[in-house]
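S.K.: One letter stands for each residue in the lines below.
Number of protein chains: 2
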Amino acid sequence: MKTAYKPFLAALLLLVPLFSQAQPQAGAGQRLTPQVMARLFPPGVVSPEYNADGSVTFRCQAADAASVVLDTQMLPAAQPMVRGEGGVWSLTVTPGKPDIYPYCFIVDGKRIADPNNPFIFPNENFKNSLADVRGPEPSVQDIRDVPHGKVSYRFYHSKTCGIDRVMTVYTPAGYDPAGSERLPVLYLIHGMTDTYETWFKVGRVNNILDNLIADGLARRMIVVMPYANPYPEMMRQGLADRYDSMDTDRVTREILDDVKPFIESNYKVRTSARDRAVAGFSLGGRQALACGLGNPKEFQWVCAMAPAIFGEEYRTNFSDGTYAPVASLNKSFRLVWIGTGTSDFLIGASRSLDAYLTENGVKHTFYTPDGGHTWMNCRDYLTHIAQLLFK
Amino acid sequence: MKTAYKPFLAALLLLVPLFSQAQPQAGAGQRLTPQVMARLFPPGVVSPEYNADGSVTFRCQAADAASVVLDTQMLPAAQPMVRGEGGVWSLTVTPGKPDIYPYCFIVDGKRIADPNNPFIFPNENFKNSLADVRGPEPSVQDIRDVPHGKVSYRFYHSKTCGIDRVMTVYTPAGYDPAGSERLPVLYLIHGMTDTYETWFKVGRVNNILDNLIADGLARRMIVVMPYANPYPEMMRQGLADRYDSMDTDRVTREILDDVKPFIESNYKVRTSARDRAVAGFSLGGRQALACGLGNPKEFQWVCAMAPAIFGEEYRTNFSDGTYAPVASLNKSFRLVWIGTGTSDFLIGASRSLDAYLTENGVKHTFYTPDGGHTWMNCRDYLTHIAQLLFK
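So the sequence lines, in the order shown, correspond to chains A and B. Mapping the first sequence onto our numbering, position 288 (from 1) lands on 942, and the numbers just tick up by one. Mapping the second sequence onto our numbering, position 124 (from 1) lands on 778, and the numbers just tick up by one.
Next comes chain A alone, as it looks inside the complex (with noise of 0.2 Å):
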C-alpha cells in the first residue's frame, strides 16, 4: 500500500460495517447493492501503515474534531497529527528501534485505541492498540520459520474465587500428551489491569520461547497465564465488594490450589519444586515474589520484572513470613532474579532490593537494561529469564 485512501479501496470498504457490526438502518430486504452501502457507511482507512523506510503512518478518521494527537511509546512525547483530506488526521514517524510498541489518538483530550488496527492491547482499564514495527532480520518476538507451539484458553472453576475462570497456556511444538516427556512449567503473572491474554498478545510468549526453543537456547516448558484479578466477576456475583489490588495472598492461593492443580492434571508436566517457576511484572512481580519466595517447596525459580514493591516492606516480608528467611534463599532456591529498566519509576525500589540480598549473601541476578515500565522491557525480561529456567 503506497497510498492511504485509494479510491477503489474505499468503495470497497464501504462494505465494512455494514457486514459485520450492527444492523444498518436500512429496510429489511432492501435489495443490497454498492449504491445502498455507499450511501449507508462512509469508508474506513488503513492504519497503521508500515512503510518500506521503517517508518509507520497513522492515521485517524475524526472529521469534526477539533485535535487529534498520537500517543505512543516509540516517542519520548506525544504529537499532534495533521489534518489532511475528508477529515483524516496522519502521522508519519519512525521508532529508535523496530518493537512492539502501544499507542493510542488522543481526539479532542479523549484517548481512543485506533479503529482500524485489530491488534488490541489487553487491559481492563485502557484501549491501547499495537503497532508491530519489525526489522530487516526477524526477531526474537517475531513468527520465524521453525516448529510453532500454540496458546490454549482453558476455562475451570475457582475454589479460591468461588467463580468460573480462564487462563492461558503455551505448550511447545511437538508437546504430546500421550509421549514420555514431562515438561517443566512456568507460572507468569501479568501486570496491574493487565489480563490473562497480555503476556500472550503483546508479550508474545509464543513466539519468543517457539524461537529460543528452536535456537537451543531455552529449555521446553509449558507457560501458564493465570488472571490476578478475579475481582470483576467476584463483585458482579456478589462475593466481593471491592476490587483489592493488594489481596496477594489469594493471588498465590489461587496459583496453588486451583491453577496448579488444573495444570498437573490436565498437563504432562513434571512437578517437583525444582521444575517449577513463577515470574511476573510490576504488581504481578510482586505476587510472584510472595508467591515463589512465600513457597519455596513450590517454587525453586523466582522471577520479578520491575516488581511494584514499595520501600523497604521486602524487609518485613523476610521476617514475618510472607517470603522465606532470607539466610534460607541459597539453600532453597535455583533462580532469584529481578528485572528493572534503569528508566523505570520502580528501579528506585528494585536497586534497594537488590542491596538487600547482597548484602544477606543471597546469590541472585539483578538485570538493569535500559528502558521503563513498558512491555518493551518486558518481553526483553522473559528472553532472558526462558533462557536460564530449568537449567
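It should be emphasised that the hints constitute simulated quantities derived from the structure, not laboratory data. Glycine included, C-beta positions come from ideal geometry on N, C-alpha and C. Some clues are possibly wrong.
Below, computed lysine-lysine pairings styled on DSS-like, alpha-carbon distance capped at 25 Å [stated by the list, open to error]:
#: 1; chain 1: B; residue 1: K1045; chain 2: A; residue 2: K922
#: 2; chain 1: A; residue 1: K813; chain 2: A; residue 2: K914
#: 3; chain 1: B; residue 1: K951; chain 2: B; residue 2: K1017
#: 4; chain 1: B; residue 1: K985; chain 2: B; residue 2: K914
#: 5; chain 1: A; residue 1: K1017; chain 2: A; residue 2: K985
#: 6; chain 1: B; residue 1: K804; chain 2: A; residue 2: K804
#: 7; chain 1: A; residue 1: K922; chain 2: A; residue 2: K951
#: 8; chain 1: B; residue 1: K951; chain 2: B; residue 2: K804
#: 9; chain 1: B; residue 1: K804; chain 2: A; residue 2: K922
#: 10; chain 1: A; residue 1: K914; chain 2: B; residue 2: K813
#: 11; chain 1: B; residue 1: K922; chain 2: A; residue 2: K804
#: 12; chain 1: A; residue 1: K804; chain 2: A; residue 2: K951
#: 13; chain 1: B; residue 1: K813; chain 2: B; residue 2: K985
#: 14; chain 1: B; residue 1: K804; chain 2: B; residue 2: K1045
#: 15; chain 1: A; residue 1: K922; chain 2: A; residue 2: K813
#: 16; chain 1: B; residue 1: K751; chain 2: B; residue 2: K813
#: 17; chain 1: A; residue 1: K1045; chain 2: A; residue 2: K951
#: 18; chain 1: B; residue 1: K985; chain 2: A; residue 2: K804
#: 19; chain 1: A; residue 1: K804; chain 2: B; residue 2: K914
#: 20; chain 1: B; residue 1: K951; chain 2: B; residue 2: K813
#: 21; chain 1: A; residue 1: K951; chain 2: A; residue 2: K914
#: 22; chain 1: A; residue 1: K985; chain 2: A; residue 2: K914
#: 23; chain 1: B; residue 1: K985; chain 2: B; residue 2: K1017
#: 24; chain 1: A; residue 1: K813; chain 2: B; residue 2: K804
Residues of chain A placed beyond 12 Å of chain B at every Cβ, according to the derived structure [claimed, not checked]:
#: 25; residue: L745
#: 26; residue: L837
#: 27; residue: R873
#: 28; residue: K914
#: 29; residue: N984
Use these hints to put chain B onto chain A, whose structure you have.
M.R.: This is chain B only, laid out in the frame that chain A set:
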C-alpha cells in the same frame, strides 16, 4: 458494587495506569507511594455495571466532552448519556432480554470502546465493547458447570497466501489425540472485517458447544475458525496491492490447501466429506456457500448465516461451476442450511435463494428467526446448526 465511584475504590484505581501502560511522568527511582500515584494518575470508573434488576449501567469518564452517547444493539436507537460528578457520564438501560450486546460510546461524535471494559469485539475496522447480560438461569452461551473444551491459537504458514497466519481451534472436553475417537470438523468463517477471534470471543463457540455436547444435543466435533482476510499482512509484505474482499476463491483455497491439511495432520479427525462441514456469517456465509457447494467431495454439510449474496447471482453460480449443479445437491449434500433474521437487511437475498432451491427440489433448511444482522443472531444460528451437523 452498589455505587459507581466509591472513594476507596477510586483510591485503589489510582494505581491502575501506572503499573501497566506506560512510563509514568515521574523521575526514575522516585519512591513509590500512594501520594505519588495520586498526583500522576486520575481514577477509573466501573463500566458496565450489571444491576440485580437486570439493568446495566454504562459509565464514561469524559470531563471535557460536550456530548456522550451510548450506542448499543440492546436498544433500538442510540441514547444520550448524562453528565455527572467528576465528568463521568452514565446511563442505565434494560435490554429486552439477557444476551451479549455490542456497544460503544460516541464522545463528541467519535465512536470509542468502553475504556474500562476488557471485553472487546475483535474486528478490523471498529472497536466495540461487549456487555454480557445474563439471565436468572444460564443460557446456552454462558459458561456452565459442564466439562469444558478449549480454544487454541494455532500458527501456520499459508502456501496460498505466502504468509504466516493464525487460526483458532475448539476441541471438546476430553479430546484425546492419542485416543481412538476421531472427530468431525466444522470450518466456521467470520463476517467481513471480523477476525479469527470473533467466533470465539463474540460467538462463544466454546460455551455453546460445551453446553450442547454436555446435554447430548450436539455431536462432539472440532470447530476450526480461520482468518478469511489475509490482505493486511500480504499488502505489508508486498504480496498484494489491495484488499479484495470479493476474492472468495482464495478463501476456499486457503481452507482446502492450508487449513484442512494442518488440521488433519495435527488433530485426530475424520477425513471424509461426510465428516466435514463449512459454515459462515455474512461475507463468511457467501464464502461458505462457495467453499461448500463448490466442493461436494470435500463437504457434505453447508450452512450460510445471513449470507452476503447479491441479487440472484446464485443462478450464475449454479451454472458456471462456482457451485455444483443444483440438480446434484440432494445427492451430494446432507445439509444445505440457510439462516437469516427476518429484519436482517440481507433477508431478501436469502428468501430468493430459498425459493430457488425449493423450485429446484433441493432439500434444505431455511431458518428465519426474529432479529437482524447481529451476533446475537449468529450465536442462535450456531446453536441451531451444531444440533444438526454430523447426524
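S.K.: Where does the structure disagree with the numbered hints, that is, which hint numbers, in rising order?
M.R.: 1, 8, 10, 12, 13, 16 and 18
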